[in-house]
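Undergrad: Chains A and B supply the protein sequences, listed in that same order. Take the first sequence: its position 61, counting from 1, is numbered 61 in our numbering, and each next residue is one higher. Take the second sequence: its position 221, counting from 1, is numbered 221 in our numbering, and each next residue is one higher.
Some hints could be false.
To be verified - Some chain B residues flagged as far from chain A (calculated, every beta-carbon gap over 10 Å): (1) 58; (2) 136; (3) 137; (4) 147; (5) 181.
As the list claims (entries may be wrong) - Derived list of chain A stretches under chain B, where covered just means 3 residues or more per stretch with a C-beta under 8 Å from a C-beta of chain B: (6) 134-145; (7) 151-163; (8) 234-243; (9) 246-256.
Simulated from the structure, these hints should not be mistaken for lab results. Don't be surprised by glycine CBs; every beta carbon is placed ideally from N, CA and C.
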Amino acid sequence: MAEAGLSSDAAAAPAAPTRRELYEARQRRRSVTIAAASTALVLAAIVVLVPLAPGWEAVQRSFFNGEVFARTFPGLVNAFVLNIAIFAWCAPTIAILGLAVALCRDVRAPVLFPLRMFGALYTDIFRGLPVILVIYLMGFGIPGLGLPRPWNSPYLWGSVALVLVYAAYVAEVFRSGIESIHESQRAAATSLGLSDRDTMRYVVLPQAIRNVMPANMNLFIALQKDVALLSFIGPVEIFRQAGVYKSLFANFTPYVGAALIFLAITIPATRYADYLLHRQTRQRR
Amino acid sequence: MKTLAFALSALALSAGTALATEHGACADGKTLEDGVLTIATGNPAFYPWVLNDAPESKEGFEAAVAYAIANAMGFEDDQVEWVRTSFDEAIQPGPKDFDFNMQQYSITPEREAMVDFSLPYYTSAMAVLTTQAMVDGGLEPTVESLRGVVWGADANTTAVPMLQQIVQPERDPLLYGDNTDVTAAMQARQIDAALFDLPTALYLSAVVLDGGVVLGQFPAERSENPDQFGLLMEEGNPLKECVDAAIAELTESGELAAIEAEWLQDATNVPVIE
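Excised from the complex, chain A in its bound form (with noise of 0.2 Å):
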């Protein structure tokens, strides 16, 4: 590019490509045509030696049933908007919750230290347990001490169980994001004549919120997975709805329904994840 500016001759005729673009466009079909190849191979072996299984057939027809899946899916799908609406209702309370522990264990007059003690059990206990272990000690658990309904609703505690474990993460999550912004910030921030709230407010937290972006994007996309986990204290929601599937029908192929709407969800938004995280070490550059 650097000789585009050289002689006007190159200038006026950008379609005559250089030597070094014409090397380098050659690479790129051969490094191309390499990685297809390879990849035709390694499906093709998949396609043919997996198919040659003594158990194949038996996998084929117990896994990856047509007929089953036919009549399965759309019950599935009906089953997933359940997983979405509790989605919904959970992130943002647990993105509300995660900040709030997270401000907690950054609190530094001395007199709130109980805060700061609180925020750091809580994130110990509540990322300590399996997720699976709150849902039915909250599902079952509190609403055996006799709560009225609608008040021991297992959607309630149970979105109540992924809240608290998922906040747990999040908030450390924004506590690294919080700790990533360099002290002289702050000082500069308290030589403006800004409170110790304002600085959070308007220093810290935009600048952190920012940093640590994908790296929660990444925890609401296990929290999608992990809502399927309600489905053991009564929910019928996607998985739960499979496994009825599976016992009527003596059949996986459900499940493999279940796993493709999921990956539908998913992988648009691990992607999206990458894509921001790629962004954010590209504008850092």
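We have chain A; now place chain B onto it with these hints.
TA: Frame of chain A, contents of chain B only:
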């Protein structure tokens, strides 16, 4: 080697009772291990099908039936081995680690496409489990009254489609992984009623659920597809013929009915739901 094993098992069988020699031939060489009948049950196995989660004690309806079938097939009691499987393990493709699996599998045409079932050894009525509080609150054994409550069921059972067909509840039922979770949800008052096979419902109401009541039953004869339990086998299992012969023999001789009378409660006092 095979002939030797065959000869040995033949010898072992002929050394047994007269009954064994009489019927012994049909299962020869068709079991996983020669001379041993491997039977699978649930983990845990529930009352009243198996008592104390110990099928080898022969106590409980299915444990007793299993030994009766084994004897009719020509196996001595000590030739029966027990293994445990979940529902999913029983239907997964590939070789099985049991000769047949016995844990209240309902025979349905859809399942029959994937696995083999024996002749039925029990025909079950379905029953509504609820709590005394619900009955006091005015819940009646009519479909009308049942339609308005929150239902629960074990997701792995045929209770789920039956609920939709017979009761057609107004609100979506909540489904659980096993009996224990269904009763936990009922105790937490998250569900008002649950559909089970009658013996399970009777057991849960009497032993597990505080204030549990069996409100009524949908008798087995109510529909053209009654809930019948069969032994589950890998599709194409050569043993099926022998197992079926044994069950047919037990049914004809009245032994199956006698075992049922011994281990399963008489349920004639449970009202029939119209």
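Undergrad: Hint by hint, say whether it matches the structure.
TA: Each hint, compared with the structure:
| no. | hint | result |
| --- | --- | --- |
| 1 | 58 | 28 Å, holds |
| 2 | 136 | 16 Å, holds |
| 3 | 137 | 12 Å, holds |
| 4 | 147 | 18 Å, holds |
| 5 | 181 | 7 Å, violated |
| 6 | 134-145 | holds (count 3) |
| 7 | 151-163 | holds (count 3) |
| 8 | 234-243 | holds (count 5) |
| 9 | 246-256 | holds (count 7) |
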